[in-house]
Amino acid sequence: MSICAILCPLLPAVLAATGPFGLDLAGHPVRQLAQANTRAVVLFFAATDCPIANRYVPEIEQLTRDEEQSGVAVWFVYPNPADTAEAVRAHRARFAITGNVILDTRHTLARMAQATVTPEAAVFVPGPTGLREVYRGRIDDRYAGLGRERPQATHHELQDALRAVLAGQPVPSPVGQPVGCAIMPLEHFHR
Amino acid sequence: MLTGYAEPRHAAESMKHLLPLRAGLVAACLLCAAAALPAAPAATAISAGGPAAAPNWSGQIAPILYANCTTCHHPGGAGPFSLLTFHDAVRWGSQVATVTESHYMPPWLPEHQGGAFADERRLTPAQIAQIDRWVKASMPEGDPAQAPALPVYRPTWQYGTPDLILKVDQPFALAAGGADVFRNFVLPYPLRVSHTIRAVEIRPGAPEIVHHANILIDRTASFRRQHPDNWQQGVPGMEVEIDAGNAFDPDSHFLFWKPDSPVLVEPKGMEWRLDPGNDLILNMHLKPSGKAETVSAEIGLYFTDELPSKQPMLLQLEHDSALDIPPGARDFAVEDSLRLPVDVELLGIYPHAHYLGKRLEAWAVLPGGRRQPLITIPDWDIDRQSVYRYRQPILLPSGTVVHMHYIYDNSDENVHNTHSPPIRVEAGNRSEDEMAHLWLQVLPVHTPPGGPDPRLLLEESWMRSRLSKEPGDAIAHYNLAASLAGQGRFKDAIAAYEQLLAAHPSDARTLNSLGATFESSGDWQQARKKYADAIAARPDACDARFNLARLDLRHEQATEAESQFRAMIAQCPPDATAHSGLGVALSGENRTQEAEAEFRQALAIDPDDSTALHNLGVLALEAGDLRQAEAQLEAALRQQPGDADAHQQLAAAYAQSGRLPDAIAQLRQAIRLAPDQPEPHASLSQALAAAGQLHEAITEQQAALALDADDADGWNNLGVLKARSGMAAEAREDFRRALQLDPRHAQARANLDRLPPG
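Here the protein sequences come in this chain order: A and B.
Heads up: the first sequence begins at 1 in the working numbering, then just goes up one per residue.
Heads up: the second sequence begins at 1 in the working numbering, then just goes up one per residue.
No lab work stands behind these hints, which were simulated from the structure alone.
Heads up, some of the hints might be wrong.
Stated by the list, open to error - Here are the in silico distance ranges between beta carbons for each label pair: (1) B:Ser468 to A:Arg94: 49 to 59 angstroms; (2) A:Arg94 to B:Glu241: 36 to 46 angstroms; (3) B:Pro228 to A:Ala82: 48 to 58 angstroms; (4) A:Arg94 to B:Gln146: 29 to 39 angstroms.
Claimed, not checked - A short, non-exhaustive set of chain B residues, derived as facing chain A with CB atoms under 7 angstroms: (5) Thr98; (6) Val99; (7) Ala176.
Because the structure is a prediction, the values reported are computed rather than measured.
All C-beta atoms in this analysis are idealised placements derived from N, C-alpha and C, irrespective of residue type, glycine included.
Whole structure, please, built from the sequences with the hints as guidance.
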């Protein structure tokens, strides 16, 4: 613990160029997050039962459509053990989700991105040795805390981060913490 | 802090060196995961301060959740997830700990006021600490056999099958994303009879997206008329303005839905009324959920045969005109006060502001100077707004002054601020505008007998208060005048209406009301003039046309009345009273057939139009169609049981059918309703005589003559009754009296001659 408390904040988050990173809905390992022409990978940590994460689905879907041409690959990542392929399929149908899905059954991505709640986003850019994390945090500032909600967001931090990445600019870090539902630890499922 | 995992964050772009790929990945994650897990031991260390074992779900946590959370948080409930099972509790445990600690949940905004409010939802500090300790101890289940029984929630109407269900006409499609939606749906009351409502239940359709809902009663369908093109789809807006119509029938009930209170049951005696033509307006605050939703709200109404015995009233403090909040202002204060002119009991309170409201406070200063706190909301949040009802009504004696003091925060520090950067904000109906309202539900008490309706005095006080803030407030001015007229203070009311007309000279409604006030004060010439002015100002001033025509009828100007009623039929929406009024006018011109057609037309519009029923009954009676006459008059009396003339007419029909006891009963009713009228006594005398009850018949005829001593026929009839009773000498006096009044009264002369000489 002590090692991590000191070191973790300093450790860069890096993803291997090839997986496996989790499973797709058919149960096959996902090996590639980025194609040859991908300029940025967005992981959107989602949960079928989290109301706040669900409220962001339309925005993420919009982002997926808007940025596809710019070489941005968006993934809906489901880290919670209860979100099985069947549950996620139903969720996609209910929320009209069309984006790519990964079931993060071993928390490979959640750990790598150091995501703690849904909704939370991480942005990676391809580098010579793999994918380097350049942003992790909230989607925007709509929620200042559980029960402390703006009528609408005033800072769209994920979007700003992507814009910076695509413009080759330094990526600003989020000002506030992500707000939502805790990602469930795997051990809770095994009890 | 949201989870046990949260670690200090680092700025991604500040990381300069990359670790070798695989190694870096594994090392980082293993260490982080290891770091995250020992949260529980840390908590154990905290709880080691006390000897108690860690709480478990079965023994300590489930009872707290069942008593405070699961009314909303159950499958199908209004909460966004369930907290019913152990598995649910574990899934949401860390959030539950966070939101109970922050007092976001259970939703309850007011400061604790010694348990003043009914249904107060608030966890004790011990309960909050217990949840926290349970989460930190990794949420043990305990012995499931010890867990309390699972609460059962009905998936359907909580209060049983309603007597009437109203549905929104067109389901509303709420987009998956975007800002909150405030929308007003109109649900017309479809029945043709009035009902007393003892309870109402709102089923919003998709409870998880409905934050709150409020029902308003639109007695005149005015909102629908304001929005002829879109009322069926729902009208956007946070507040609605409703035209209360001409009768004094102030709003009286908070019909406020929030997720944990789907059924509103009124206390006995305080039920409310719905009449044909009323609309219910469902004002809903909808929060997009991330998926497209269809909102198809239903309102269940529960009837009672009892009539309400108490008349509460809603009063409002407000100061919207003071809302001009500069950007950046953190503590912008708005105040209002209202002096109560009568003793009332305060039953409930509803503070209301939009997103800039910060601290909302209300209190009363009693006549002796004592300060009575009413409500304090230290951290306002429109998303959790509610009506608060007092556990025990608070007595506020006459002379009490109620105060409101609201603080607004238009800075960036207010997370609810709709603008970043902040902009100047004034009062308005949109969510980004602001409001400063405090509604009170009061019940007048200790009302002295014989005085005016205490609600009129409250209305007067309220409207004077509004005018002191906004002298040009035409609605307040009008309501003030109407409240004075209602109290019978016609001179003051006329002055108030005339003052309003000085600013709005051609306002047809004011002219009409001024006319009605003149009419009530006995000045029918002025009344006639004002009605005519109203019609000149607006040819579709239907109330004024009706009043003018009715006034002409009353003063036997049937031709003028006829033309007014015809104009009303041409200019105004279908109205049974216009046709039945025209029928009366035509009867006055002896155009019986045309009159009958109009009465039938009136009944085609409203089968319960009592004027048409009454007059058709009279026409049938005159035509000798006794069965028809009886049926129409009986129907008329069901609508207007206090119509003495209809009782008399029905008595005549019964008497002609040989139903003397029924006729006598009807006449006794007529006498009870109109004790100073001689006619019913005279008719009753005739009916009693026909039934062989000569003695009673004489008494009734004497009663008739006591009310009208100049009735020659009456004296003649009394003489006949006495002669038949063998009282020849008295009979002679009566016939002579008749002849004194009318020397050419042939019957009296003949009767006098027929008496044996005495």
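Structure-based check of all given hints:
In this structure the supplied range 49 to 59 angstroms holds for B:Ser468 paired with A:Arg94, their Cβ-Cβ distance being about 55 angstroms. As the Cβ distance of A:Arg94 to B:Glu241 is approximately 38 angstroms, the hint placing it in 36 to 46 angstroms holds. Taken as a hint, the range 48 to 58 angstroms holds for the pair B:Pro228 and A:Ala82, whose Cβ atoms sit roughly 50 angstroms apart. Checked against the given bound of 29 to 39 angstroms, the beta carbons of A:Arg94 and B:Gln146, roughly 37 angstroms apart, stay inside it.
For B:Thr98, the shortest C-beta to C-beta distance to chain A is roughly 6 angstroms, which falls under 7 angstroms, so the interface hint holds. At its closest, the beta carbon of B:Val99 sits 5 angstroms from a beta carbon of chain A; the interface hint therefore holds under the 7 angstroms criterion. Because the smallest distance between the Cβ of B:Ala176 and any Cβ of chain A comes to about 4 angstroms, under 7 angstroms, the interface hint for this residue holds.
Every hint from the earlier list agrees with this structure, and none is contradicted.
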